[in-house]
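Take each chain as given, in its own frame, and dock them per the hints.
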Amino acid sequence: MTARPIAARATLRLAALMALAVTVLSLGAMALQYRLVETRLMTAQRSLLTADLDGLAALYDQRRIIALRQAIDYRATAATGDEMLLLMDRNGTTLAGTRPDWPADLAPAGEGFTSDNAITFTEGSTRWLAVARTLPGGFPLLVARSLAPVDDTLAALRRGMLGLLGALLVAGGLVGGLAARSVMARINRINDLADRVAEGQLDARLPGARSDDEFGLLETHVHAMLDRIQNLNRATHRLSDTIAHELRTPLNRMLQKLAKIEGQDDLTADLKAEMRQAIRMFDSLLDISRAEADQGTGGGLVPVDLSTVATEVWDLYEPLAEDKGLITEMRTIPGLTILGDRNLIAQVLSNLLDNAIKYCAPGDSLTLTLTPDSDRILMRVADTGPGLPDDLKAEAFDRFTRAERDRATPGHGLGLALVRAIAARHGARLTLPPTEKGFALEIRWPRLQQSD
Amino acid sequence: MDRILIIEDDPETAAAVRAEAEALGCQTDHCDTLDAGVAAATSAPYKVIVLDRMLPGGDGVDAMARLRAGGSTALILILSALGRAANRVEGLEKGADDYLPKPFEPEELRARLRALLRRGTIQVLDNDLLAFGDLEIRMKARTVHVKRAHVAVSPKEFELITYFARNAGQIVTRMQLLENVWNLHFDPGTNVVDVHVGRLRRKLEEAGSQAIQTARGEGYIFAPLPAPA
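So the protein lines, in turn, are chains U and C.
Take the first sequence: its position 398, counting from 1, is numbered 398 in the numbering used here, and each next residue is one higher.
Positions in the second sequence are counted from 1; adding 452 to them yields the numbering used here.
A few of these clues could be false.
To be verified - Derived coverage of chain C by chain U (criterion: at least 3 residues anywhere in the stretch with Cβ under 8 Å from a Cβ of chain U; other residues may be distant):
no.	region
1	528-538
2	638-644
3	647-656
What the hints assert, rightly or not - Here are some, though not all, of the chain C residues that point toward chain U, as calculated from beta-carbon distances under 8 Å:
no.	residue
4	Asp462
5	Glu464
6	Thr465
7	Ala468
8	Met506
9	Val541
10	Pro555
11	Phe556
12	Glu557
13	Pro558
14	Lys608
15	Trp634
Unchecked claim - Below, computed lysine-lysine pairings styled on DSSO-like, alpha-carbon distance capped at 30 Å:
no.	chain 1	residue 1	chain 2	residue 2
16	C	Lys608	U	Lys324
17	U	Lys272	U	Lys324
18	U	Lys257	C	Lys499
19	U	Lys324	C	Lys655
20	C	Lys608	U	Lys358
21	U	Lys393	U	Lys358
22	C	Lys608	C	Lys592
23	C	Lys499	U	Lys260
24	U	Lys437	U	Lys324
25	U	Lys393	U	Lys324
26	C	Lys655	C	Lys592
27	C	Lys608	U	Lys272
28	U	Lys358	U	Lys272
29	U	Lys358	U	Lys324
30	U	Lys272	U	Lys257
31	C	Lys655	C	Lys599
32	C	Lys546	C	Lys608
33	U	Lys260	U	Lys272
34	U	Lys358	C	Lys655
If you're looking for bench data, these hints aren't it; they were derived computationally from the structure.
Built from N, CA and C at the ideal position, the CB exists for glycine as well.
Isolated chain C, as found in the complex (with noise of 0.2 Å):
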């Protein structure tokens, strides 16, 4: 069982992080002090720390190196209201492995954490050819086939197959694409990613794959396999 330890001084915040993981089958340590985090951090195996910023004892992103240094090898997931683009892009060059601001919906914190919780395990991407059933990704010549037909994409529509396939099977949010497929760290206020899928998925329907859904209210799941019964 993976145990995720929680950074976090606002309780109800705490709490509902501390369900979000339960709910993805992890067993919780929570501290509310930095300090206190840091030595949980550093004495127990934790998969994920999810990790506040302006905390009694400091700044969570300055302690991610007290953290480290201290032999942690957890995934650091920055929990933050320092939300602006600024901040992200701060905490993610210090080492973070993700940053989701406050206010966070409780959706976006579970499709975040199951990446996380999730990374390392798989080891599909050093091939160079990705099947899920009868929809391929051939990586080094950046071609998409269903049914073993040529889908043309664009480079960035290739991006995000790929993306998509690296996430297989997960909820995948617009703020996790943008982020991740557009390196960009601030919301635009218009859904732009959407028209992105949307354009990725027609074609992908019409060479006869339903691989990409949306999931409704979180964002949307690539799920080219049957589901298991």
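This is chain U alone, in the form it adopts within the complex (with noise of 0.2 Å):
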């Protein structure tokens, strides 16, 4: 449950990453439009001012001064703004112009009519493309092209860039969230079938068509898996059905065979007892396997007063332990529940207190006690038998394990496998808490708060 915000920051990530490269891209591609925009604009201007420059030479070939005079003067009448023209004479006075002065910082250079080595200054908040040159005599001239022009359609380029940019941003982090969603549907779909399969629905399947993509890839790859899964389970239980069938038919016709025998009792009781032994060894491994594969599933298991079940099961060894001289004693408070299933937690209890009386002596001591927390209930089970082997610990809850001085004593070495089994089906934690003398064991239950 806890990776779900990490899968969709994943997910969203992408998105904005998408974004963001469509953006860039976009940004490069404006960038070189604007420098070719800007360049042709210039080339125009610069081509225009080569235009006037060349017009003028003319005259000046014509009438010299005088005749750039007239033409200055009457060109400053039609003053557009667009241009810039200015003829003084040696001493600087204005000879004839559409300003009176000569521009701060900007010096004549060269001779002639060239636009070569043109420059552009700025006066006020206008640019301007200027050639200014000292001509023969003296006499300073200024020619300049307004780039106001240029400057505008360029800033109106960027204003529409701009705004592009935020549009492209904008519809970017959208159509980004808009996909992701999607994918996050379609992939909670899939997390949603795996929380149910986990919970235990090994037939849960996704509802609908599968979609002709990669998800729907998925989807069935997934449920491949699931069908896998579901008939191994399925030939697991059957298989331990059928093995319970094989065996315990022959069986069932060696007791009718045995119940014909006459004359031999004691014989024919042993051989009951072994088979009954026999049966009850298999039937533990069944159930063992059987808990292992429910461990994790909730399915099954209902609302158990595991105060009553722990009592009943009690008062039936009791009088067993006290006719064999031990010291008992059981302590719990009523109405503790569990979600369980009452024949296991009824066969923990069962193998645990069997264990006791089978392995103490007389005036040893057998305890059950079951004590309540917040939401665990500590169950415990304690003797002032032999205990366990130190050398037995790790592997006491392994199937077959038995001590070796304990060869003497029926049975099989199942009983602890399956507390373990029994309690983990049951998400209780099981520890063997040090004792000074004898055995203990915990089983920590999950505690079902009541609603009412």
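Pasting the structure below:
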């Protein structure tokens, strides 16, 4: 469940990255276009300036300064504001022009009417492309073209690009978000399915048809896996049923035939006891497998009054313990409830109490206590018997583990393995706390909080 | 004469069941597939159906609903190799009246069949007072008296003696006691039940009643009245 926000972040991050990549690429394309427009516009202004200079040069060729002055006067009168013309004499007196004085920071350079080495300068808020010359005889001449149209166009272009950039980011974010949402919706479907399966619904499947894309393929693969797991699970259950059938049917024939033997009662009783032990061992094995297969799934568990079950099983075994001379004590408070399987819990207690009674000697004590805390119920079975040999503690819960000294005692070494499997089936924690003497086992069952 | 239907695919088991049923004076029919069994069960009034589980045609437990839907009112005893506690509880929860795992001892089957055949024919349990000669059980007060003297019994011992009383005169097995008095459906390995019966029996004997007797190799019999000679 905690993995869900991380998955969502990953999808959103991918969407954001996509939007950003599209924006950066568009920005590059726009920058290229911007440079192109700027160059074109500057070239156009430069050729206008060249044309002006060519015209003035033609007039100068005819009648020198006088013609220039007349022409400039004439053009100054019809001033458009797009051009700047100024002719002075060698003393710095203005002869003709669109302005009375020479602009600061601009020194005349070279002679002649070429447009080479044109320079740009700024006056007020307008940029100018200018050619400043000193004509023969010391007459400074300034011819300039306003760059305002160029700058205006470029400014408009920049505004347009900024707007487009904003629109791209918004659109990218929107599309990315939508895509992420649709991807999340489809991934969540599969995640929900996985959760349902984890809760034990092995037959849960996604409804509807598979779409013809990678998600559909993923769903198909998940379904194929689930089918396989379900088949294996069914096969396991079927196998344990089949084993039961194939083993118990011949045993049953043997038992029917045993019943016909007369006159050897002790021998037939022994044989029956052996058969009963074999069946018990074999049932324990199947119970362990089933409990392990069902582990982690809540299926089949119902509210069970642990206090009552414990008391019932205790009452069943206590006379046996008393008859053997054990000092017995049980402490519990009523009404401690867990989600469980009554028969399995009874089997746990039966195994533990039976073990204790089997291994303890007269005078030993045997106690069963149930103590609740906030979310667990602690069940403790303790005795002062011989306890577990140290070398056995690590594998006490493994199947078929038996101490060397107990070879003479009947048993099959499955009791504690079954206890562990059943505890795990209930999500209970099992521990072997250290004891001064004897054996103690603690099971912490998850407590069922009463809603009413 | 009570009729018993045996639905069982193993011929030897079927023969063993038939022998026990006929020893109890019943007329038996035998089917070896589930479908034939269901058809037979709904065609004649059987008192008891002995039903196997893993049969050609399916699981007997799943067929119980079909038997009931077909109008059969027979008591159902499941006799199956699926004998783990979980299997037994499943069968009983799905409506079986009794569940006996294979392999079974003939005495055990006989006791179960007898209990089923007697079911419904005895009314005495509605009474507050169950009297067996000089032994009296008062249901409401939950007390036991022998020769008018009160015998102190624990709550479990009281349940034990009422179960015995319900099956008075019949052999009751340890497995039956564990299932019906303690509601436990697994084999605990040791005969824990014997200790309880022994205690109850001693208490009754001290008060002068020989009501509980051991049936050798089979279980116990509650026979408070001298057997009719």
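Here is how each hint holds up against the structure:
Interface restraint, the region 528-538 of chain C with chain U: holds (6 residues with C-beta to C-beta distance below 8 Å; minimum three). Look at the region 638-644 of chain C against chain U: 6 of its residues bring a Cβ nearer than 8 Å to a Cβ of that chain, three or more, so the hint holds. With 3 residues carrying a beta carbon less than 8 Å from a beta carbon of chain U, the region 647-656 of chain C meets the three-residue requirement, and the given coverage holds. For C:Asp462, the shortest C-beta to C-beta distance to chain U is roughly 6 Å, which falls under 8 Å, so the interface hint holds.
With a least beta-carbon distance of about 5 Å to chain U, the hint placing C:Glu464 at the interface is held under the 8 Å criterion. Below 8 Å, beta-carbon pairs count as interface contacts, and C:Thr465 has one with chain U at about 6 Å; its hint therefore holds. Taking 8 Å as the C-beta contact cut-off toward chain U, the hint placing C:Ala468 at the interface holds, the least distance being around 5 Å. Annotation: C:Met506 was flagged as interfacial toward chain U, and the flag holds, the nearest CB pair being 5 Å apart, inside 8 Å.
Satisfaction of the interface hint for C:Val541 is found here, the shortest Cβ-Cβ separation to chain U being roughly 6 Å, below the 8 Å cut-off. The restraint placing C:Pro555 at the interface with chain U holds, with a minimum CB-CB distance near 4 Å, inside the 8 Å limit. The restraint placing C:Phe556 at the interface with chain U holds, with a minimum CB-CB distance near 7 Å, inside the 8 Å limit. Because the beta carbon of C:Glu557 sits about 6 Å from the nearest beta carbon in chain U, less than 8 Å, this interface hint is met.
Interface hint at C:Pro558: satisfied, since its Cβ lies 5 Å from the closest Cβ of chain U, which is below the 8 Å cut-off. Given hint, C:Lys608 at the interface with chain U, holds; its Cβ is 6 Å from that chain's nearest Cβ, closer than 8 Å. For C:Trp634, the shortest C-beta to C-beta distance to chain U is roughly 6 Å, which falls under 8 Å, so the interface hint holds. In summary, the hint linking C:Lys608 to U:Lys324 is supported, as the alpha carbons are separated by about 20 Å, within the 30 Å threshold.
Only pairs whose Cα atoms come within 30 Å are accepted, and U:Lys272 paired with U:Lys324 is accepted, the gap being roughly 25 Å. A threshold of 30 Å between alpha carbons decides the hint, and for U:Lys257 with C:Lys499 the separation of about 28 Å falls inside it, so the pair holds. Pair hint U:Lys324 plus C:Lys655 holds up; C-alpha atoms about 19 Å apart against a cutoff of 30 Å. Only pairs whose Cα atoms come within 30 Å are accepted, and C:Lys608 paired with U:Lys358 is accepted, the gap being roughly 23 Å.
A distance of roughly 19 Å separates the Cα atoms of U:Lys393 and U:Lys358; the hinted pair therefore holds under the 30 Å criterion. Of the supplied pair hints, the one linking C:Lys608 and C:Lys592 holds, its CA atoms being roughly 15 Å apart against a limit of 30 Å. Of the pairs offered as hints, the one joining C:Lys499 and U:Lys260 holds, with about 28 Å between alpha carbons and a cut-off of 30 Å not exceeded. At most 30 Å may separate the alpha-carbon atoms for a hinted pair to count; U:Lys437 and U:Lys324 meet this at roughly 19 Å.
Taking the CA atoms of U:Lys393 and U:Lys324, the gap is about 26 Å. The hint holds against a cut of 30 Å. Between C:Lys655 and C:Lys592 the alpha-carbon distance is near 21 Å, which keeps this suggested pair within the 30 Å criterion. For a cut-off of 30 Å, the pair hint linking C:Lys608 to U:Lys272 stands: about 29 Å separates their Cα positions. Distance hint between U:Lys358 and U:Lys272 is fulfilled; the C-alpha atoms sit about 21 Å from each other, no more than 30 Å.
In summary, the hint linking U:Lys358 to U:Lys324 is supported, as the alpha carbons are separated by about 9 Å, within the 30 Å threshold. Restraint check for U:Lys272 and U:Lys257: satisfied, since their Cα atoms lie roughly 11 Å apart, inside the 30 Å limit. Pair hint C:Lys655 plus C:Lys599 holds up; C-alpha atoms about 13 Å apart against a cutoff of 30 Å. Between C:Lys546 and C:Lys608 the CA atoms are separated by roughly 27 Å; this keeps the pair inside 30 Å, and the hint holds.
For the hint linking U:Lys260 to U:Lys272, the alpha-carbon distance of about 13 Å falls within 30 Å, and the restraint holds. A distance of roughly 26 Å separates the Cα atoms of U:Lys358 and C:Lys655; the hinted pair therefore holds under the 30 Å criterion.
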